[in-house]
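Student: Protein chains in written order, with numbering that gives the first Met the number 0: chain A, 0 to 308; chain B, 0 to 272.
Keep in mind that the hints were calculated from the coordinates and are not lab data. These numbers were taken from a predicted model, which means no experiment stands behind them. Note that CB positions come from ideal geometry on N, CA and C, so glycine has one too. Please note that the accuracy of each hint is not assured.
Computed cross-link-like contacts, EDC-like style, restricted to lysine to aspartate or glutamate with a CA-CA straight-line distance of at most 16 Å [stated by the list, open to error]:
1) B:K185 with A:D96
2) A:K120 with A:D102
3) A:K120 with B:D87
4) A:K79 with A:D105
5) A:K120 with B:E76
6) A:K119 with B:E76
7) A:K53 with A:D293
Pairwise CB distance ranges (calculated) [stated by the list, open to error]:
8) B:E150 with A:A51: 51 to 57 Å
9) A:G33 with B:R164: 44 to 50 Å
10) B:V103 with A:K213: 55 to 61 Å
11) B:K253 with A:A113: 19 to 25 Å
12) A:K79 with B:A221: 29 to 35 Å
13) A:S160 with B:D83: 30 to 36 Å
14) A:W143 with B:R164: 48 to 54 Å
15) A:W143 with B:S23: 35 to 41 Å
As a plain string of letters, each chain reads:
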Amino acid sequence: MSQKGQIVSGYIAPHPPHLVYGENPPQNIPRSTGGWEVLRWAYDNVREKIKAQKPDVIIVHTPHWMTMVGHHITRVPRLKGLSVDPIFPHLFRYNFDTAIDVDLADAIYDEAIAEGMTAKKMTNPNFRLDYGTIVTSHMLNPDWDIPIISLSANNSPYYFSLNVGIEEMFKLGRATRRAIEKTGRRAVLAASNTLSHYHFDREPDPNLPEDMSKEHVFSHQNYLWDMRVLQLMREGNMDELMKVLPQFIDATSAEVKSGGLFWMLAAMDFPNIPAKVHGYWSVIATGNAVVEWDLTKGANGHQGAYAHA
Amino acid sequence: MPDGQIVKGYIVPGLPHLVLPRDSSSRAELRNACRLAGANARQARPDVLVIFSTQWISVLGHMVQTRPNPKGMHVDENWYALGDLPYDFHTDFDLAKRTIELGVAAGLQIRPVDFEGFPVDTGTLVALDFFNPKNELPVVCIACNIYAGREEELKLGQAVHDAIRALGRRAVVIGSSGLSGHWFTKDIQDSEDRIVGDGDDAENRRMLDLIASGKFTEAMDAMPEYARKTGADMQFKAFFWLIGALGSKNVKAKTLGYGPVWGSGAAVIEFSL
């Protein structure tokens, strides 16, 4: 029997395609003169950290694979293809090629079923990964030498209510944690979310999207909200964070609503350790932060209201 | 060059259950209605199809496909287990370009899309399956902006109308859209399918009656309430676009089929001029 697995770290890992575009990796066809460096440098720090932690797998929860019937899990040994962002095709046309940890995918599926959830294994080899999965995976590990799993965002927070969606994410988080433990994996989790999500309704200059003189957060109100939740994360104040997230979502249309952050925090058992904010900036006016919870450093497990949710 | 004209218009459902798996006999009424719509459209001898799909979502204004020959393999992100949707069709570039020009002149934000590998959506491909099975006709594909309302969609439809007239085309215009948008959130057998939302069936039928009786303005006025009650597919804004393209005079509408697809409402509506 394998050694008990563990989640070594969790990240809020936002996925604006602008970040890949600004970096000019060989996999992406469009070329830029840079842009959004503060976020890209934040990811640079994270990449080094992940390499050092030597995880077996990176699990990404993505809002851009929205599913109607249950929670879907990539379950094909390898996925490869060209992913073109339907919203920003001039910025993101990415040739992806990644291994999928199918044994862990099976285990997550089994544990989700055990939670009474509706779950599905995505077994179509022609499936095109969404840009949320790809951008987050690339920014965390551009070498793509660690297998991934992509989890879909079931649309329950939109279809039913935020509370229903959160409950689903708590279950999926628990299921993910148990699957990691049972399969002996060292796992990195990634909640592929922006924070405040109001955005410009047109690009300031479509011919020069990376013109940073035009980039700013949508409103001071949104900025204040982003700072408030980031401060709570930095303080490790999990109870207050969980309390304000619904208000945050309501006030800023935060993409957190799609579930990734709730899933990740539940999987990590709501750690009451200070998170490290590696960087914050806007992308086409949305608020984005790269935030790390390093579970190898301190207490893994929470004693507050959300303990063992 | 003679003025162009729109010879037929349609609302058709865009979920893949109507074409996949190929050997399925489920949802026969809707499938047969889609086949009839495709046959009627071809009988009108169009030289171009214009398709507005609620499953091609745009955020920064509108988008129009301008790639001369989109081809590839589409796998639906929800219904990948039903099968793949390969595609290989041709774009009426001049009509797409003129639509963009006229739409921009009307104050809309519209972008051309000409990228290898750009994902063609399920709704467009389902419509093509019935209306252009041999890919003999060129196509103009138009995205559905999630923020656009009645006025914008009417303007966009008008731009299509004016472009068709200006270039002398005989066109069939198609809105790929469902009706009520509540669905089953658990697995079901095809035989268990029904309109699932409380009151959705009655609301759908009321909307279809308004449309079939030619009360298009009344239908548009009722749309916000209908969309709120039924969670209608993209607020059923495809209808605004279609009326923008067709105009509301001398147009007769007929429902060719109606039924559920995974709990949501779906209808095939034919508009004759």
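Student: Decide, hint by hint, whether the structure agrees.
Tutor: Hints, verified against the model:
1. B:K185 with A:D96: Violated - the C-alpha atoms of A:D96 and B:K185 are around 32 Å apart, more than 16 Å.
2. A:K120 with A:D102: Satisfied, since the Cα-Cα distance of roughly 11 Å is no more than 16 Å.
3. A:K120 with B:D87: 29 Å, violated
4. A:K79 with A:D105: Given pair A:K79, A:D105 is violated - Cα atoms ~20 Å apart, limit 16 Å.
5. A:K120 with B:E76: 12 Å, holds
6. A:K119 with B:E76: 12 Å, holds
7. A:K53 with A:D293: 13 Å, holds
8. B:E150 with A:A51: 51 to 57 Å: With Cβ atoms ~56 Å apart, the hint holds.
9. A:G33 with B:R164: 44 to 50 Å: Distance hint for A:G33, B:R164 holds at roughly 46 Å.
10. B:V103 with A:K213: 55 to 61 Å: 21 Å, violated
11. B:K253 with A:A113: 19 to 25 Å: 51 Å, violated
12. A:K79 with B:A221: 29 to 35 Å: 48 Å, violated
13. A:S160 with B:D83: 30 to 36 Å: Given range 30 to 36 Å: holds, Cβ gap about 35 Å.
14. A:W143 with B:R164: 48 to 54 Å: With a Cβ separation near 51 Å, A:W143 and B:R164 satisfy 48 to 54 Å, so the hint holds.
15. A:W143 with B:S23: 35 to 41 Å: Given about 38 Å between the Cβ atoms, the range holds.
The structure is inconsistent with the numbered hints 1, 3, 4, 10, 11 and 12, although it conforms to all the rest.
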